[in-house]
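Colleague: Chains as they are written, first to last, in UniProt numbering: chain A, 1 to 353; chain B, 1 to 353.
No lab work stands behind these hints, which were simulated from the structure alone. The reader is advised that the hints may include incorrect statements.
Listed below are several chain B residues computed to face chain A (Cβ distance under 8 Å; list not exhaustive) [said to hold, decoys possible]:
(1) Gly94
(2) Ala317
(3) Phe319
Computed list of lysine-lysine pairs in DSS-like fashion (alpha-carbon distance at most 25 Å, straight line) [as the list claims (entries may be wrong)]:
(4) B:Lys89 x A:Lys326
(5) A:Lys96 x A:Lys144
(6) B:Lys335 x A:Lys165
(7) B:Lys326 x A:Lys348
(8) B:Lys4 x B:Lys165
(9) A:Lys335 x B:Lys335
(10) A:Lys165 x A:Lys115
(11) A:Lys335 x A:Lys348
(12) B:Lys267 x A:Lys335
(13) B:Lys165 x A:Lys326
(14) B:Lys267 x B:Lys335
(15) A:Lys335 x A:Lys267
(16) B:Lys115 x A:Lys335
(17) A:Lys88 x A:Lys115
Small disclaimer: the values here were computed from a predicted structure and weren't measured. C-beta: ideal position from N, C-alpha, C; glycine also.
Protein chains: 2
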Amino acid sequence: MQDKDYMQMAAQEAVKAEGMTWTNPLVGAVLVKNEQVLATGYHHQYGREHAEVNTLAHLSDPKEAQGATLYVTLEPCSHYGKQPPCCKKVAEAGIKRVVIGQVDPHQIVAGKGIKYLESHGVQTEVIGGTENLNVAYNFFYRQKRPFVTLKYAMSIDGKINAAGKTRTLLTGDAAQIDVQRLRLQNQAILIGANTLRIDNPLLTVRIKNLPQPPIKIVLTRDANQLDFSSQIFKTRGEIWLLSTTNLSQKVTENVHCYTAANWTPTKIVQFLAEHEIQSLLVEGGSNVQAQFVAAGLADEIVTYVAPLVLGGTGLPAVFGQPAATKSDYQLLDVKRFNQDIRIRVRRKECLQE
Amino acid sequence: MQDKDYMQMAAQEAVKAEGMTWTNPLVGAVLVKNEQVLATGYHHQYGREHAEVNTLAHLSDPKEAQGATLYVTLEPCSHYGKQPPCCKKVAEAGIKRVVIGQVDPHQIVAGKGIKYLESHGVQTEVIGGTENLNVAYNFFYRQKRPFVTLKYAMSIDGKINAAGKTRTLLTGDAAQIDVQRLRLQNQAILIGANTLRIDNPLLTVRIKNLPQPPIKIVLTRDANQLDFSSQIFKTRGEIWLLSTTNLSQKVTENVHCYTAANWTPTKIVQFLAEHEIQSLLVEGGSNVQAQFVAAGLADEIVTYVAPLVLGGTGLPAVFGQPAATKSDYQLLDVKRFNQDIRIRVRRKECLQE
């Protein structure tokens with residue numbers, strides 16, 4: 001096994017906590033000595049021990065770590081946060097060498113972890129290859145705004161809904177479960193008031209019990225016009241209404257109304273950045289998505305193409321607001337979910353490594 | 001090797017003539033004796049020898065065929081057309097057994113070939129598995145109308161053109177070459193007058209020199225309004241204008257104008273059926289495609305999805321004319337062409353085997 005293979009193993013550890021770490025990154029670690037894996041570990045949940053500590057805790061005898069190599073997907077932290085700094089623990093454990101997937105872009109770490117290790121006699125090496133574990137986290141600390149993903153299911157003729165005002169269910173079970181996974185990778189999910197009215201979605205993650213489920217955001221001109229008997233208002237977790245008017249009626253305590261004169265996509269991402277939200281999933285509708293496209297704020301697009309035709313008066317995906325220019329994306333992957341096809345593309349400027 | 005393996009080999013022979021056989025089906029054959037392949041062959045071109053005769057001609061000594069098994073993708077013909085009946089040749093050659101991919105749906109054969117062989121002491125067996133070689137041919141003789149394929153390239157947000165009146169090139173070279181292959185599988189290609197004006201396409205097959213290139217059809221309200229300096233009018237091969245008015249100006253002899261009060265998709269396919277056209281590729285634009293969808297005349301849809309976003313005012317695929325209901329399709333396949341993705345779906349009623 002080579003360094004990159006152990007790093008791959010560490011990455012497999014990291015993803016086990018998908019959706020559980022909130023603003024923290026996914027991190028996995030593997031401890032190796034004499035080509036034997038001594039222990040593995042990962043950061044399980046926001047506020048809990050980090051991957052390095054978790055891995056060391058799996059040793060039957062702490063002395064085993066002496067002279068070992070630690071593979072960790074992200075630079076060990078160097079600051080006192082909710083947990084004591086991992087660097088210190090790593091150095092104290094007698095680990096000889098730390099192989100790092102990526103340098104932490106968070107300014108509170110950003111190379112300081114490596115510097116600490118080096119100055120305490122621990123060799124370090126950054127080998128790359130794990131940036132995709134934390135796309136939004138990395139993006140957030142580099143660009144100072146959340147990473148925005150647009151998601152929609154469309155017919156083979158590019159429509160998201162049949163003509164009329166009722167919801168058209170396009171995709172099958174497998175694609176719908178995949179959407180659940182997409183949701184748990186995001187800290188916030190946004191829809192427009194039209195989508196709330198027509199689709200009446202839950203916007204919940206039902207495949208995993210999350211300590212902090214994604215914040216459900218409804219973009220509306222007037223929050224008072226919303227139907228508070230909609231399904232979304234029966235779900236647990238934070239619901240934010242972005243409205244131009246104050247909410248006059250009483251709502252349950254998980255619902256918060258924020259007002260602004262004009263909630264443009266730029267304004268929205270700025271607002272979310274101030275609330276430390278690193279990732280936003282825009283689930284619809286057409287017009288809201290067109291606004292994000294027009295603002296140059298569609299970093300990734302995930303579309304599920306279903307094998308049906310809705311015809312010439314169906315509602316097109318990304319519709320209404322003009323975009324200044326065409327934007328080129330990079331194809332990330334294509335995957336079949338039975339009869340449906342998922343296509344993921346990312347803005348070229350957002351591609352890492 | 002089993003029967004189906006030899007049949008597969010015969011199918012590989014058949015496709016060699018793709019685009020060359022005009023209204024004739026693709027047919028391939030393999031002659032086998034004592035588990036040895038004695039000869040292979042296929043129908044090369046409209047008007048030339050059939051696959052069976054071509055295969056027999058490859059024997060160094062005609063006597064070798066005695067007692068052999070012939071694998072042929074389509075029932076041998078039993079009538080005198082441009083060629084003498086293959087059944088007769090097969091029986092006379094002393095072939096003992098004929099394994100057939102599919103019964104010929106053409107009423108002039110339709111089981112008569114099998115009957116002839118059986119009555120002349122040749123065993124026959126129909127094993128299936130070759131229907132997809134001649135989707136349009138089979139469809140035409142069963143449904144009495146051409147098989148209609150809609151083709152369009154669209155952005156990830158379901159648009160075929162940017163806002164405005166100029167052409168937007170969406171796909172890369174590999175996808176464009178694939179479109180060439182799609183064209184040679186069709187006997188006619190149709191576009192609307194808007195597409196002629198905006199895209200100014202050639203509609204030619206440039207990857208193979210075809211004896212009968214697809215007929216290029218332009219659907220227009222008034223043929224006199226067409227720009228006869230468009231590229232299409234500089235290409236060889238038949239060009240048909242479907243117009244509501246007679247053409248008053250003089251045009252080159254490969255251009256024919258047909259008039260009707262209203263060229264609906266139903267009227268068009270009926271007209272093509274009368275001209276023995278088995279397959280029609282509708283290449284655009286949006287509105288023409290919406291008309292075919294609305295008429296229930298989109299048997300297959302081939303879309304190329306390109307990794308770019310055209311935004312909220314781009315021209316959607318299949319747009320304008322409402323469809324009565326949503327139509328369910330079956331996903332045939334998904335294929336990547338570098339950055340582009342081809343998705344092929346077929347109407348469930350059109351699926352064979």
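Colleague: Take the hints in turn and mark each one as holding or not.
Modeller: Results of checking the hints against the structure:
1. A cut of 8 Å between beta carbons decides the hint on Gly94 of chain B: the least distance to chain A is about 49 Å, and the hint is violated.
2. Because the beta carbon of Ala317 of chain B sits about 5 Å from the nearest beta carbon in chain A, less than 8 Å, this interface hint is met.
3. With a cut of 8 Å, the hint placing Phe319 of chain B at the interface with chain A holds, because the nearest CB-to-CB distance is about 5 Å.
4. Under the criterion of a C-alpha separation no larger than 25 Å, the hint pairing Lys89 of chain B with Lys326 of chain A is inconsistent with the structure, at around 61 Å.
5. Proposed proximity of Lys96 of chain A and Lys144 of chain A is contradicted: the alpha carbons are some 35 Å apart, above 25 Å.
6. Distance check on the hinted pair: Lys335 of chain B and Lys165 of chain A sit about 34 Å apart at the alpha-carbon level, beyond 25 Å; violated.
7. Between Lys326 of chain B and Lys348 of chain A the alpha-carbon distance is near 35 Å, which puts this suggested pair outside the 25 Å criterion.
8. Between Lys4 of chain B and Lys165 of chain B the CA atoms are separated by roughly 52 Å; this puts the pair beyond 25 Å, and the hint is violated.
9. With a C-alpha separation of about 10 Å, the suggested pair Lys335 of chain A and Lys335 of chain B falls inside the 25 Å cut-off, and the hint holds.
10. Between the alpha carbons of Lys165 of chain A and Lys115 of chain A the distance comes to roughly 59 Å, so the proposed pair goes past 25 Å and is violated.
11. Under the criterion of a C-alpha separation no larger than 25 Å, the hint pairing Lys335 of chain A with Lys348 of chain A is consistent with the structure, at around 20 Å.
12. The suggested pairing of Lys267 of chain B with Lys335 of chain A is violated, with an alpha-carbon distance near 39 Å, which exceeds 25 Å.
13. Of the supplied pair hints, the one linking Lys165 of chain B and Lys326 of chain A holds, its CA atoms being roughly 15 Å apart against a limit of 25 Å.
14. Note on Lys267 of chain B and Lys335 of chain B: the hinted pairing is violated, with a Cα-Cα distance of about 34 Å set against a maximum of 25 Å.
15. Restraint check for Lys335 of chain A and Lys267 of chain A: the C-alpha separation of about 34 Å exceeds 25 Å, so the hint is violated.
16. Straight-line distance between C-alpha atoms of Lys115 of chain B and Lys335 of chain A comes to about 48 Å, which puts the hinted pair past the 25 Å bound.
17. Taking the CA atoms of Lys88 of chain A and Lys115 of chain A, the gap is near 11 Å; set against the 25 Å cutoff, the hint holds.
Checked against the numbered hints listed earlier, the structure breaks hints 1, 4, 5, 6, 7, 8, 10, 12, 14, 15, 16; every other hint is satisfied.
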